[in-house]
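Q: Here is what each chain is made of, one letter per residue.
2 protein chains.
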Amino acid sequence: MFSKDTYIRRRNRLRKDVGNGLIVLLGNEESSINFKDNWYHFRQDSSFLYFGAVALPSLTAIFDCDSGEDMILGDELTIDDIVWTGPQPSIASLAAQSGITKTAPSSQIETLLKNAISAGRHIHFIPPYREEHVTKLSAWTGKSIDEIRSGESIALIKAIISQRNIKTSEEIVELHKAVDLTSAMHLAAMQYAKPGMKEAEIAARVNQVALAGEGQLSFPVIMTKNGQVLHNHYHGNTIQEGDMILCDTGAEIPSGYAGDMTRTFPVSAQFSETQRELYQTVLNAHEVAISALKPGIRYKDVHLLACVELAKGLTEVGLMKGNPEEAVAAGAHTMFFQCGLGHMMGMDVHDMENLGEPLVGYSDTLKKSTEFGLKSLRLGKELEAGFVITVEPGIYIIPELIDQWKAENKYAEFLNYDKLESYKSFGGIRIEEDFVITENGADLLGKPVAKTVKDVEEIRKEALQS
Amino acid sequence: MFSKDTYIRRRNRLRKDVGNGLIVLLGNEESSINFKDNWYHFRQDSSFLYFGAVALPSLTAIFDCDSGEDMILGDELTIDDIVWTGPQPSIASLAAQSGITKTAPSSQIETLLKNAISAGRHIHFIPPYREEHVTKLSAWTGKSIDEIRSGESIALIKAIISQRNIKTSEEIVELHKAVDLTSAMHLAAMQYAKPGMKEAEIAARVNQVALAGEGQLSFPVIMTKNGQVLHNHYHGNTIQEGDMILCDTGAEIPSGYAGDMTRTFPVSAQFSETQRELYQTVLNAHEVAISALKPGIRYKDVHLLACVELAKGLTEVGLMKGNPEEAVAAGAHTMFFQCGLGHMMGMDVHDMENLGEPLVGYSDTLKKSTEFGLKSLRLGKELEAGFVITVEPGIYIIPELIDQWKAENKYAEFLNYDKLESYKSFGGIRIEEDFVITENGADLLGKPVAKTVKDVEEIRKEALQS
Numbered sequence: 001m002f003s004k005d006t007y008i009r010r011r012n013r014l015r016k017d018v019g020n021g022l023i024v025l026l027g028n029e030e031s032s033i034n035f036k037d038n039w040y041h042f043r044q045d046s047s048f049l050y051f052g053a054v055a056l057p058s059l060t061a062i063f064d065c066d067s068g069e070d071m072i073l074g075d076e077l078t079i080d081d082i083v084w085t086g087p088q089p090s091i092a093s094l095a096a097q098s099g100i101t102k103t104a105p106s107s108q109i110e111t112l113l114k115n116a117i118s119a120g121r122h123i124h125f126i127p128p129y130r131e132e133h134v135t136k137l138s139a140w141t142g143k144s145i146d147e148i149r150s151g152e153s154i155a156l157i158k159a160i161i162s163q164r165n166i167k168t169s170e171e172i173v174e175l176h177k178a179v180d181l182t183s184a185m186h187l188a189a190m191q192y193a194k195p196g197m198k199e200a201e202i203a204a205r206v207n208q209v210a211l212a213g214e215g216q217l218s219f220p221v222i223m224t225k226n227g228q229v230l231h232n233h234y235h236g237n238t239i240q241e242g243d244m245i246l247c248d249t250g251a252e253i254p255s256g257y258a259g260d261m262t263r264t265f266p267v268s269a270q271f272s273e274t275q276r277e278l279y280q281t282v283l284n285a286h287e288v289a290i291s292a293l294k295p296g297i298r299y300k301d302v303h304l305l306a307c308v309e310l311a312k313g314l315t316e317v318g319l320m321k322g323n324p325e326e327a328v329a330a331g332a333h334t335m336f337f338q339c340g341l342g343h344m345m346g347m348d349v350h351d352m353e354n355l356g357e358p359l360v361g362y363s364d365t366l367k368k369s370t371e372f373g374l375k376s377l378r379l380g381k382e383l384e385a386g387f388v389i390t391v392e393p394g395i396y397i398i399p400e401l402i403d404q405w406k407a408e409n410k411y412a413e414f415l416n417y418d419k420l421e422s423y424k425s426f427g428g429i430r431i432e433e434d435f436v437i438t439e440n441g442a443d444l445l446g447k448p449v450a451k452t453v454k455d456v457e458e459i460r461k462e463a464l465q466s
Numbered sequence: 467m468f469s470k471d472t473y474i475r476r477r478n479r480l481r482k483d484v485g486n487g488l489i490v491l492l493g494n495e496e497s498s499i500n501f502k503d504n505w506y507h508f509r510q511d512s513s514f515l516y517f518g519a520v521a522l523p524s525l526t527a528i529f530d531c532d533s534g535e536d537m538i539l540g541d542e543l544t545i546d547d548i549v550w551t552g553p554q555p556s557i558a559s560l561a562a563q564s565g566i567t568k569t570a571p572s573s574q575i576e577t578l579l580k581n582a583i584s585a586g587r588h589i590h591f592i593p594p595y596r597e598e599h600v601t602k603l604s605a606w607t608g609k610s611i612d613e614i615r616s617g618e619s620i621a622l623i624k625a626i627i628s629q630r631n632i633k634t635s636e637e638i639v640e641l642h643k644a645v646d647l648t649s650a651m652h653l654a655a656m657q658y659a660k661p662g663m664k665e666a667e668i669a670a671r672v673n674q675v676a677l678a679g680e681g682q683l684s685f686p687v688i689m690t691k692n693g694q695v696l697h698n699h700y701h702g703n704t705i706q707e708g709d710m711i712l713c714d715t716g717a718e719i720p721s722g723y724a725g726d727m728t729r730t731f732p733v734s735a736q737f738s739e740t741q742r743e744l745y746q747t748v749l750n751a752h753e754v755a756i757s758a759l760k761p762g763i764r765y766k767d768v769h770l771l772a773c774v775e776l777a778k779g780l781t782e783v784g785l786m787k788g789n790p791e792e793a794v795a796a797g798a799h800t801m802f803f804q805c806g807l808g809h810m811m812g813m814d815v816h817d818m819e820n821l822g823e824p825l826v827g828y829s830d831t832l833k834k835s836t837e838f839g840l841k842s843l844r845l846g847k848e849l850e851a852g853f854v855i856t857v858e859p860g861i862y863i864i865p866e867l868i869d870q871w872k873a874e875n876k877y878a879e880f881l882n883y884d885k886l887e888s889y890k891s892f893g894g895i896r897i898e899e900d901f902v903i904t905e906n907g908a909d910l911l912g913k914p915v916a917k918t919v920k921d922v923e924e925i926r927k928e929a930l931q932s
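Chains as they are written, first to last, in this note's numbering: chain A, 1 to 466; chain B, 467 to 932.
FYI, nobody ran anything at the bench for these hints, they're computed from the structure. Warning: the hint list may mix true and false statements.
Claimed, not checked - Just a sample of chain A residues kept apart from chain B, beta carbon distances all over 12 Å, derived:
(1) A119
(2) I123
(3) T224
(4) L230
(5) V288
(6) D301
(7) L304
(8) E326
(9) S369
(10) G386
(11) K419
(12) K447
(13) K454
(14) E458
(15) E462
Claimed, not checked - So the derived list for chain A, only partly shown, Cβ under 8 Å to chain B, looks like this:
(16) F35
(17) N38
(18) G86
(19) A204
(20) N226
(21) I290
(22) Q338
(23) H350
Every residue, glycine too, gets a C-beta built ideally from N, C-alpha and C.
Kindly generate the complete structure, drawing on both the sequences and the hints.
A: What follows is the structure in structure tokens.
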């Protein structure tokens with residue numbers, strides 16, 4: 001965690017930006033797996049962590065915009081608890097570290113909020129993504145479940161985004177650590193995979209690296225020979241010579257910051273010729289996108305630059321035809337690249353996604369598209385210095401999509417359906433890295449991991465000889 | 467999963483036992499970590515899996531006790547979903563595998579349940595442990611949140627317990643697999659730990675074994691040099707010569723069955739004399755308990771036998787005094803053994819804990835004690851052939867408890883507080899295995915893992931030489 005002053009400054013600005021009323025930030029609860037007391041690993045809500053800094057379950061923070069008073073409400077441990085958990089620092093002592101001197105038992109929340117509502121004061125909260133936040137807010141405010149679901153404060157959301165958007169230098173230090181651990185996970189996967197292994201074994205290996213580094217996964221591991229399935233969490237296949245592995249994984253470190261990278265590598269010591277061609281195309285698109293990163297450019301435009309580069313490579317290979325710019329303008333490239341170039345990253349791997357993509361990734365002047373492809377681009381707005389983003393172009397050959405579009409003769413002027421048939425079992429390729437936007441361009445986060453064909457093949461060669 | 471007939475038989479018996487009305491089993495949802503679409507690994511509800519057998523999120527099963535009709539309600543994937551998830555078997559095809567031929571979209575649930583309620587029919591559900599089940603049931607039935615929280619069906623709970631209590635031979639096969647994987651995790655930990663490692667590195671290693679074996683953890687790993695903290699999930703300490711590691715971990719296999727074992731081993735190649743004495747005491751209590759396992763004995767009595775054996779050993783060492791039986795009758799042993807000897811195990815590591823300990827672990831004639839120690843014994847009732855249970859005695863030296871009881875001069879006739887002072891940094895020891903109760907006794911589940919002093923030290927010696 002950062003200095004006390006950092007948190008005080010953040011809260012002062014937040015209260016000022018919101019203006020008036022009470023800001024209520026709900027910390028997360030323990031999350032039950034298959035019965036109440038069997039828990040997934042605890043993850044504090046990122047905004048709670050950002051402003052309140054205490055990573056314990058079942059806390060609520062209330063910041064009073066009018067009086068300027070901040071408090072954390074929650075229940076201290078009893079001796080019965082301590083038998084099970086060991087001695088723990090008190091909520092009061094942890095809150096004091098972020099400059100919050102007032103704490104109280106959670107039984108006071110309801111009275112506090114209901115009194116405020118009676119006095120005509122506004123209660124600001126962000127959209128709940130865990131159902132217990134909905135029922136708690138409903139009980140505390142006397143509002144119905146439906147009123148809570150649609151009652152989020154746009155003023156609060158915007159105020160939080162305006163701060164968390166821009167990562168400070170102390171946050172960049174944390175992000176470098178998170179991506180360093182992420183890099184180590186990727187290198188481990190490339191060095192570990194052998195023909196005959198199950199995907200689960202390689203997934204287990206990268207998970208081990210994250211946990212041994214005192215991290216967690218920032219999202220479920222994608223480790224698959226079927227990289228064309230964008231969110232593939234099945235790890236039951238056995239990998240063989242000739243397959244490619246798409247590994248999309250990242251670590252989250254104890255301070256809450258995330259990394260998110262993807263590498264695609266051959267199970268054999270070398271890519272096949274077909275694999276190499278498309279891999280190089282994705283890498284070219286990746287590099288074109290990185291070169292374009294700087295304050296002022298819309299990320300949507302960076303996305304489109306990458307799409308054109310993908311279309312050029314796909315045209316050279318003969319899977320697309322016609323003019324690449326025109327193909328992208330028409331949307332034909334979405335046969336291969338159905339999703340977006342990247343997203344914000346920070347304490348959340350899709351940073352602030354719980355606050356809503358329209359406000360996080362877009363703006364009053366740039367709304368999100370509803371077209372196939374662009375509708376999956378999470379970030380479109382103008383980049384600013386201090387934004388942290390992922391760049392992750394890919395080529396995904398999805399047999400079901402080929403069949404459907406071929407039947408419709410869709411984009412027939414740009415797509416070579418005949419050749420596509422022979423690529424149906426190709427799979428998918430993605431290359432992903434994380435960047436912070438600087439005054440003039442962008443800096444890579446974390447330790448670089450092999451990404452050229454030559455460098456990747458070198459690691460695979462060594463791995464297969466060991 | 468088992469044969470279609472197994473599931474049909476289970477549901478026939480369930481409907482008959484419940485008698486009338488509609489049984490509604492809610493499958494689990496994806497569980498959000500820090501924003502809606504970032505999920506912990508999916509875990510289906512165990513009762514849903516036991517009777518419905520489909521391990522997909524967002525499903526609901528309705529079994530009609532009056533008509534005998536069973537159905538699963540949920541929404542099939544669209545082509546947009548398939549781009550992200552790849553082609554998946556349909557709900558209908560999966561349901562058919564367990565003999566459920568009727569499926570419908572989830573939009574029909576509300577009408578179905580409200581019509582049934584209007585017709586005066588009873589809706590049976592089990593106590594929700596995930597909040598979204600509360601709000602869904604409330605919306606579907608028109609009952610308030612509070613009515614849902616207290617509206618569980620005792621008839622349904624009892625009917626489920628009466629089946630899941632007794633593990634069939636096909637379930638025992640699965641449990642052996644789960645405990646085999648659990649055994650492998652423990653052996654890996656003993657072979658891997660070295661002085662200078664962080665606890666997190668060893669925890670990561672056992673997690674790797676579970677995942678590489680295509681399992682999951684059945685509960686969060688306890689891997690600590692502070693074994694006296696019963697539920698210790700902190701992994702930040704560095705282990706040193708002279709420390710003991712308490713490793714309490716288990717795997718869950720894809721069929722949903724769990725393992726749960728504990729081993730305590732020295733970081734050095736050998737236990738210290740002090741460690742060896744108390745380790746042997748715990749092992750003796752473990753063996754005494756195992757020898758007592760058979761149908762007809764109350765598990766509470768097995769627990770008390772183990773407690774007396776612990777008290778005997780602690781008396782020999784000089785930490786307790788007086789008559790061990792009398793000490794246990796008075797409760798003095800709870801200074802060292804604050805919890806229970808074990809619990810039911812099955813698809814849940816604490817099997818059916820979501821159905822409530824009073825009904826799962828106790829009976830109409832044996833109620834749970836409220837005394838310190840016994841109130842933490844999850845299982846007290848008479849054992850029956852087919853029960854699967856854990857046996858996990860321990861000795862935990864908790865400095866905070868010593869200070870508190872010493873100040874109260876509690877159990878002074880049985881506790882040697884002077885000697886206890888010198889044990890304050892001792893830590894904790896637990897030895898845990900899993901058993902199925904047979905017609906005449908009990909069988910160990912899974913491959914045996916070293917547990918005698920000699921066998922444990924042999925593995926540690928090899929580990930430190932490698």
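Q: Kindly indicate which numbered hints from before are broken by the structure, ordering the numbers from low to high.
A: 3, 4 and 21
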